[in-house]
Amino acid sequence: MSEYIHGFSKEEQERLIYQNDVISKYIYQNMSFNGSTHVLEIGCGVGAQMIYLLKRFPNLKVTGLDNSEEQINQAKKNLTLAGIEEDRYHLICADVLKENPLPINHFDSLLMVWVLEHVPKPVELLNAIKPNLMDNALIQITEVFHDSLNLEPTCDEIMSMWKATIKLQADMGMDANVGLKLGNILKDAEFTRVVVKPFPMQWDKSTPDKREEKLTYWEGLVHSGYVPLEERGIKNKLHWTKVKKEFESLRSNEDAVFYYSFIQGFAFK
Numbered sequence: 017m018s019e020y021i022h023g024f025s026k027e028e029q030e031r032l033i034y035q036n037d038v039i040s041k042y043i044y045q046n047m048s049f050n051g052s053t054h055v056l057e058i059g060c061g062v063g064a065q066m067i068y069l070l071k072r073f074p075n076l077k078v079t080g081l082d083n084s085e086e087q088i089n090q091a092k093k094n095l096t097l098a099g100i101e102e103d104r105y106h107l108i109c110a111d112v113l114k115e116n117p118l119p120i121n122h123f124d125s126l127l128m129v130w131v132l133e134h135v136p137k138p139v140e141l142l143n144a145i146k147p148n149l150m151d152n153a154l155i156q157i158t159e160v161f162h163d164s165l166n167l168e169p170t171c172d173e174i175m176s177m178w179k180a181t182i183k184l185q186a187d188m189g190m191d192a193n194v195g196l197k198l199g200n201i202l203k204d205a206e207f208t209r210v211v212v213k214p215f216p217m218q219w220d221k222s223t224p225d226k227r228e229e230k231l232t233y234w235e236g237l238v239h240s241g242y243v244p245l246e247e248r249g250i251k252n253k254l255h256w257t258k259v260k261k262e263f264e265s266l267r268s269n270e271d272a273v274f275y276y277s278f279i280q281g282f283a284f285k
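Numbering follows my numbering, with no gaps: position 39 of the sequence shown is 55.
Be careful, since some hints might not be right.
[Claimed, not checked] With a Cα cut of at most 30 Å, we get these calculated DSSO-like pairs of lysine-lysine: (1) K179 - K146; (2) K253 - K41; (3) K114 - K41; (4) K260 - K221; (5) K77 - K41; (6) K213 - K226; (7) K41 - K92; (8) K183 - K203; (9) K183 - K114; (10) K203 - K221; (11) K92 - K114; (12) K203 - K226; (13) K183 - K230; (14) K230 - K258; (15) K226 - K146; (16) K137 - K183; (17) K203 - K77; (18) K197 - K213.
[To be verified] Computed beta-carbon distance windows for the label pairs: (19) N121 - K261: 53 to 59 Å; (20) E270 - K93: 37 to 43 Å; (21) S265 - P117: 45 to 51 Å; (22) R104 - T223: 21 to 27 Å; (23) D151 - M188: 31 to 37 Å; (24) K221 - K179: 22 to 28 Å; (25) P74 - K221: 51 to 57 Å; (26) D111 - G51: 27 to 33 Å; (27) E101 - K137: 32 to 38 Å; (28) D172 - H106: 42 to 48 Å.
Hints are computed from structural coordinates only; laboratory data are not their basis.
Model, not experiment: these values are computed from the prediction.
Every residue gets a Cβ at the ideal spot worked out from N, C-alpha and C, and that includes glycine.
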């Protein structure tokens, strides 16, 4: 994986848990783990997805792999705090593109959430872990499509910050629109029965509570992208102050509309 744009600060690690609290109900709406017993999660980060899976599916075991020791250490703490039994999960810190420590032909399901956007060569990563999957293993991947973000009324400062983050990701070898290519990636990795599904989220005055929740969450996400922009001198605190004011205006506007679509890919080995 290339450099992680969001970093590994305590604030960012807490945001990842909050992110999953807000978004998980949508991520897993189309997913099924019926028949799965041992899931491999690549890019497990601070354990947010693992906690959700292990609580919702009591018969599952999950092995989580991440190339950041900081994230793995935080995942251990989070799983313990969540009261997850230690024999239901295994955490590994490794870069499978350099050395693959995982058992061969072992996992019947693969989960990846918000991972490929941080990978310069997604097909290469999928090919690297394919030997670890059992024949007919289920692959379920959720990815970003950041160009799909739309706000009404138009918010120039927010969109300027958002587009700057997309460009920075591209400059760092990442792809903030990788979800749009998910079907091609799965086919190029020679997985079978590939299905791609967009998941549009639109919240307006008909769903004010959900709109409020998403706008608050999205402000945190935009701030997470702002931090590396400020570090590089691309944006400054004046820009962020303007962004915050636009979010405040959106939340106080009963006619405001939030739209975003993430994309999910399903396949089998």
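Verification of the hints:
A C-alpha spacing of about 34 Å is found between K179 and K146, which places the hinted pair above 30 Å, so the restraint is violated. For the hint pairing K253 with K41, the CA-to-CA distance comes to about 33 Å; that exceeds 30 Å, so the pair is violated. For the proposed pair K114 and K41, the alpha carbon gap of about 34 Å is over 30 Å, so the pair is violated. This hinted pair checks out: K260 and K221 have alpha carbons roughly 21 Å apart, not beyond 30 Å.
Restraint check: the Cα-Cα separation between K77 and K41 comes to about 20 Å, which is no more than 30 Å; the hinted pair holds. Annotation: proposed proximity of K213 to K226 holds, straight-line Cα distance about 22 Å (limit 30 Å). Proposed proximity of K41 and K92 is supported: the alpha carbons are some 23 Å apart, at most 30 Å. Restraint check for K183 and K203: the C-alpha separation of about 26 Å stays at or below 30 Å, so the hint holds.
Proximity of K183 to K114 is assessed by CA-CA distance (about 27 Å); at most 30 Å being required, the pair is judged to hold. For the hint linking K203 to K221, the alpha-carbon distance of about 40 Å lies beyond 30 Å, and the restraint is violated. Using a Cα cut-off of 30 Å, the hinted pair K92 and K114 holds, with the two alpha carbons roughly 23 Å apart. Between K203 and K226, the direct Cα distance comes to roughly 35 Å. Violation of the 30 Å bound is thereby established for this hinted pair.
Pair hint K183 plus K230 holds up; C-alpha atoms about 23 Å apart against a cutoff of 30 Å. Restraint check for K230 and K258: satisfied, since their Cα atoms lie roughly 19 Å apart, inside the 30 Å limit. A C-alpha spacing of about 38 Å is found between K226 and K146, which places the hinted pair above 30 Å, so the restraint is violated. Distance restraint check for K137 and K183: the Cα-Cα separation of roughly 17 Å lies within the 30 Å cut-off, and the hinted pair is therefore satisfied.
A distance of roughly 27 Å separates the Cα atoms of K203 and K77; the hinted pair therefore holds under the 30 Å criterion. As the CA atoms of K197 and K213 are separated by approximately 12 Å, the hinted pair is consistent with the 30 Å bound. For N121 and K261, the hinted distance range of 53 to 59 Å is satisfied, since their beta carbons lie about 55 Å from each other. In this structure the supplied range 37 to 43 Å holds for E270 paired with K93, their Cβ-Cβ distance being about 41 Å.
Against the hinted window of 45 to 51 Å, the Cβ-Cβ separation of S265 and P117 comes to about 50 Å, which satisfies the hint. The hinted window of 21 to 27 Å between R104 and T223 is violated, with their beta carbons roughly 35 Å apart. Hint check: D151 to M188, Cβ distance near 36 Å, so the stated range 31 to 37 Å holds. The hint said 22 to 28 Å for the Cβ distance between K221 and K179, and at roughly 27 Å that hint holds.
For the pair P74 and K221, the beta carbons lie near 39 Å from each other, so the given range of 51 to 57 Å is not met. The hinted range of 27 to 33 Å is satisfied by D111 and G51, whose Cβ atoms lie roughly 30 Å apart. The beta-carbon spacing between E101 and K137, approximately 36 Å, falls within the hinted interval of 32 to 38 Å. A C-beta distance of roughly 47 Å is found between D172 and H106, which places it inside the suggested range of 42 to 48 Å.
In summary, the structure is inconsistent with hints 1, 2, 3, 10, 12, 15, 22, 25 from the numbered list given earlier, while agreeing with the others.
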